[in-house]
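There are 2 protein chains.
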Amino acid sequence: MVTEYVLRKLEEILGASNVHATPGQVKAYECDGYVAFKSLPGAVIFPQSTDEVSHVLKLFSEQRVPYVARGAGTGLSGGATPTRGDVVISLAKMDQLLSLDLENHRAVVQPGFVNLELTKRVAGKSFYYAPDPSSQSVCTIGGNFAENAGGSHCLKYGVTTNHVTAATIVLPDGEIVEVGSSFGDEDGLDLLGLYVGSEGTLGIATEITVKILKKPQAVQTIMALFDRVEDASASVSGFIAAGIIPAACEMMDQLAMQAVDKSRYHVGYPSDVEAVLIVEVDGLEATVRALSKRVMDVCTENHVREVRSAKSEEERALWWSSRKMAFPAIGRISPDYMVQDGVIPRSRLAEVLKRIETISQTSGLRIANVFHAGDGNLHPLICYDSKKGETDIAQDVGRQILELCVDVGGSITGEHGVGIEKIAEMRYQFSQEELTLQQAIRDQLDPKGLCNAGKLIPTPSRCMEMKGAASPSVSSLEQILSASGSPQARLAR
Amino acid sequence: MVTEYVLRKLEEILGASNVHATPGQVKAYECDGYVAFKSLPGAVIFPQSTDEVSHVLKLFSEQRVPYVARGAGTGLSGGATPTRGDVVISLAKMDQLLSLDLENHRAVVQPGFVNLELTKRVAGKSFYYAPDPSSQSVCTIGGNFAENAGGSHCLKYGVTTNHVTAATIVLPDGEIVEVGSSFGDEDGLDLLGLYVGSEGTLGIATEITVKILKKPQAVQTIMALFDRVEDASASVSGFIAAGIIPAACEMMDQLAMQAVDKSRYHVGYPSDVEAVLIVEVDGLEATVRALSKRVMDVCTENHVREVRSAKSEEERALWWSSRKMAFPAIGRISPDYMVQDGVIPRSRLAEVLKRIETISQTSGLRIANVFHAGDGNLHPLICYDSKKGETDIAQDVGRQILELCVDVGGSITGEHGVGIEKIAEMRYQFSQEELTLQQAIRDQLDPKGLCNAGKLIPTPSRCMEMKGAASPSVSSLEQILSASGSPQARLAR
Chain A
1 MVTEYVLRKL EEILGASNVH ATPGQVKAYE CDGYVAFKSL PGAVIFPQST DEVSHVLKLF
61 SEQRVPYVAR GAGTGLSGGA TPTRGDVVIS LAKMDQLLSL DLENHRAVVQ PGFVNLELTK
121 RVAGKSFYYA PDPSSQSVCT IGGNFAENAG GSHCLKYGVT TNHVTAATIV LPDGEIVEVG
181 SSFGDEDGLD LLGLYVGSEG TLGIATEITV KILKKPQAVQ TIMALFDRVE DASASVSGFI
241 AAGIIPAACE MMDQLAMQAV DKSRYHVGYP SDVEAVLIVE VDGLEATVRA LSKRVMDVCT
301 ENHVREVRSA KSEEERALWW SSRKMAFPAI GRISPDYMVQ DGVIPRSRLA EVLKRIETIS
361 QTSGLRIANV FHAGDGNLHP LICYDSKKGE TDIAQDVGRQ ILELCVDVGG SITGEHGVGI
421 EKIAEMRYQF SQEELTLQQA IRDQLDPKGL CNAGKLIPTP SRCMEMKGAA SPSVSSLEQI
481 LSASGSPQAR LAR
Chain B
1 MVTEYVLRKL EEILGASNVH ATPGQVKAYE CDGYVAFKSL PGAVIFPQST DEVSHVLKLF
61 SEQRVPYVAR GAGTGLSGGA TPTRGDVVIS LAKMDQLLSL DLENHRAVVQ PGFVNLELTK
121 RVAGKSFYYA PDPSSQSVCT IGGNFAENAG GSHCLKYGVT TNHVTAATIV LPDGEIVEVG
181 SSFGDEDGLD LLGLYVGSEG TLGIATEITV KILKKPQAVQ TIMALFDRVE DASASVSGFI
241 AAGIIPAACE MMDQLAMQAV DKSRYHVGYP SDVEAVLIVE VDGLEATVRA LSKRVMDVCT
301 ENHVREVRSA KSEEERALWW SSRKMAFPAI GRISPDYMVQ DGVIPRSRLA EVLKRIETIS
361 QTSGLRIANV FHAGDGNLHP LICYDSKKGE TDIAQDVGRQ ILELCVDVGG SITGEHGVGI
421 EKIAEMRYQF SQEELTLQQA IRDQLDPKGL CNAGKLIPTP SRCMEMKGAA SPSVSSLEQI
481 LSASGSPQAR LAR
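Sequences listed follow chains A and B, in order. Sequential numbering of the first sequence, starting at 1, is according to the UniProt record's numbering. Sequential numbering of the second sequence, starting at 1, is according to the UniProt record's numbering.
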């Protein structure tokens, strides 16, 4: 519950125009990209500096006000969704590039700075920012930091945690600390590593130092069409076995190809191929020529039907659009769909895809597969029709796929995070002792349990505490709590 | 104090032959590679399995016995040195390669497994393990894990934390947990990242999953001799600006060259050049040809006196030996020397080297510089003569250099760790709030303060607790405690 006293104090700290509390004002913040659970925030506020965030968190700590930070709200696991009338701390007005050091390859940004904007700012000097989630044109680096975001080019270049070198953090008690080190790895305990990917549960990053990279001299994009998924999978293993780490290595299956070919990003994939690989290699001109040839050779050894490189920048852009727009394109072939996100060992790709096909047949739901094949990071798209009452089946299919990922030695999320969505599935992957250990660290940093509570770690103690918290949305809360024990109950009805 | 009861219990758990407690048996464990502080352990034990480690830590927790884990003892900051009669838990008998998955590029090792041994085991299949500290022929992967070890090739390939994907950890209460994920980044809080580089303060890793990489098809090593340090520094920035990330980029100055040329690794460096760069590029044949040419071109643009590539594998090996043996070689030109380890932004290299030269002149002590130039990771070697009473001056010079590193935006250790050696210097880099935050996490995981206490984080509270602990080496302890406040007092006299 956000009291009148708290609202008045917030207005004093931030100015009245930066404190939104009417239902009309806060409605748009009831969820992020994970639309299956919605709950109104107690207020939405727009701080503009580290000091303002610090004053706000001191107030919230004193008054025991729960809160959640939000970037662009593109997250797919509910990480920025309020669960118990939390105040949403929007970082949209903290959107500045604070400094740029091209010589040492560093940029310092505020958390609301948009991912792609950083590349645009430095492109003229032939630099770029490597992590490239599909939402990069709108998502923020603060959100990427919280979720340890990945992207198509993370196979070669690594995910967000590999590109962040330091951060200013406002702790839940309002204290301001620096973690990491602009140059060199962190001395002492690696708090920066702990904060990246902590999904906003340990404080709020208000300044983030990232690496910017020099653009490669040349890039070549290769498309390979396979009659059989097994051959595409074997090619992926084949690249790596040959010592090639492509900049990106993406796979789409037949259903996904059909869907994108019905969208404006029509490539014209033959209707009878089972899988397409989009492989990108980069580096010096000579490197790229040699790598392209080897990639094509490996595909040929694995019975590719057709393989060729992009003839123009336009063709390359089209291929990438067809891949990056595959999720929304599924909306054209199915009334509803659910995106999953799991990781498996690369060597088990063909086997896992076969087992997903079996799950599809047993459940009667179509499943399209679009994924970062090089990383073994699957994104099965489960097609269903909520009007036909298939939501529960889709949920169950998602759960089966994640169990399968853990079974073969993988994990329950590659890049979308745990948030609300996968809080129950954390139990597939971690023992109670392991979850208790995570919770112990979280309790130490956020002893009052105000900071994005009800997310990330399913613990009985945390649940009890949440039940005790004043909240305008107890019924929604109960949905989440019951979800912690039962994945099937996870969707808001 | 290790009581008779504890020793008897240890013998029950480990067998009598794995419990050493006589002064003669434990003497060799009084320090690691940081020889400036020595203190006898209460006992030295040799567990052989995760379960044994777990039983031992349960006993230690119950009996409040302080302890420190030890790999090969090659650390340079005292991380494996007992400080208050701690039991040394040697992991030397846990030295097995537990499993190898070439297809997915993973190996699982026990902590006492030797770094270079892993490369030897997989070299026949054209794989290798990338992190290559100079001590790699003897140091263990457990020690590398604890210290987040670096190496010459970490410029391109990253340090230990980039190569570890999962670990089995025995917590200070004896509980066994898994952190990380063999495939995919860790879900939930990144505990693996927290454990890597925690210098043995949060528990003991008993199984470690690491990445193994495919050997590059080709490697070329280039040597460039410069009349002026500034030109060598500018070349390093030049490579990176040209978008080249060499596999390694090492620099030695005149004094270091003179020293190695007096050792068995005589290269014959001209006596009047100020700096040599040893640059390695790797990849496909075509890549390596192109990269070598660009590296040489950049050197030429920066007024190199002579630049050439290794003509044979023997020549390449000699160049590398001259670099890797530079530390001991300094022993030939100075009765004593002290290795420092700090990080600076690459762009400030020339300026910092000039300021180190000024420190050298003011102090009257010669300083050789041998370092990972591409990473900005300095290793100044401070030459002194303890018999002439120069120890304090050398200490002071080391302190000045670290302050300089922090001043220009760098950090106090690149790869040698904090341990005992730099516990005071942590205050240069971190505010009290930041240190308190680190300590809070440590206290949470090791509430009794038994696990490598007195290392890594200087805190008054921890010091008080240590003072209260039963200890056979209070005088040594006081040296450390006083060192926490005063870097000059750090060496055992």
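Just so you know, these hints were derived from the structure itself, not from any lab. Cβ atoms here follow ideal geometry from the backbone N, Cα and C, with glycine treated the same way. Heads up, a few of these hints could be off.
Cut-off 27 Å, straight-line C-alpha distance, at most; resulting in silico cross-link-like pairs (DSS-like, lysine-lysine) [claimed, not checked]:
id : chain 1 : residue 1 : chain 2 : residue 2
1  : B       : 214       : A       : 293
2  : B       : 388       : B       : 38
3  : B       : 262       : B       : 211
4  : B       : 38        : B       : 448
5  : B       : 262       : B       : 93
6  : A       : 215       : B       : 448
7  : B       : 448       : A       : 214
8  : A       : 293       : B       : 215
9  : B       : 93        : A       : 215
10 : B       : 388       : B       : 58
11 : B       : 125       : B       : 9
12 : A       : 120       : B       : 156
13 : B       : 293       : A       : 214
14 : A       : 215       : B       : 388
15 : A       : 58        : A       : 93
16 : B       : 156       : B       : 93
17 : A       : 311       : A       : 156
18 : B       : 448       : A       : 156
19 : B       : 388       : A       : 293
20 : B       : 27        : A       : 125
21 : A       : 156       : B       : 93
22 : B       : 93        : A       : 293
23 : A       : 214       : B       : 58
24 : B       : 156       : A       : 214
25 : A       : 293       : B       : 156
FRET-style restraints, in silico, Cβ to Cβ [what the hints assert, rightly or not]:
id : chain 1 : residue 1 : chain 2 : residue 2 : range
26 : B       : 125       : A       : 318       : 58 to 64 Å
27 : B       : 63        : A       : 215       : 44 to 50 Å
28 : A       : 35        : B       : 49        : 45 to 51 Å
29 : B       : 63        : A       : 35        : 41 to 47 Å
30 : B       : 101       : A       : 28        : 46 to 52 Å
31 : A       : 389       : B       : 101       : 41 to 47 Å
32 : A       : 297       : B       : 242       : 49 to 55 Å
33 : B       : 301       : A       : 102       : 55 to 61 Å
- Item | Contradicted hints - numbers only | 3, 5, 6, 7, 9, 10, 11, 14, 16, 18, 19, 20, 21, 22, 23, 26, 27, 29, 32, 33
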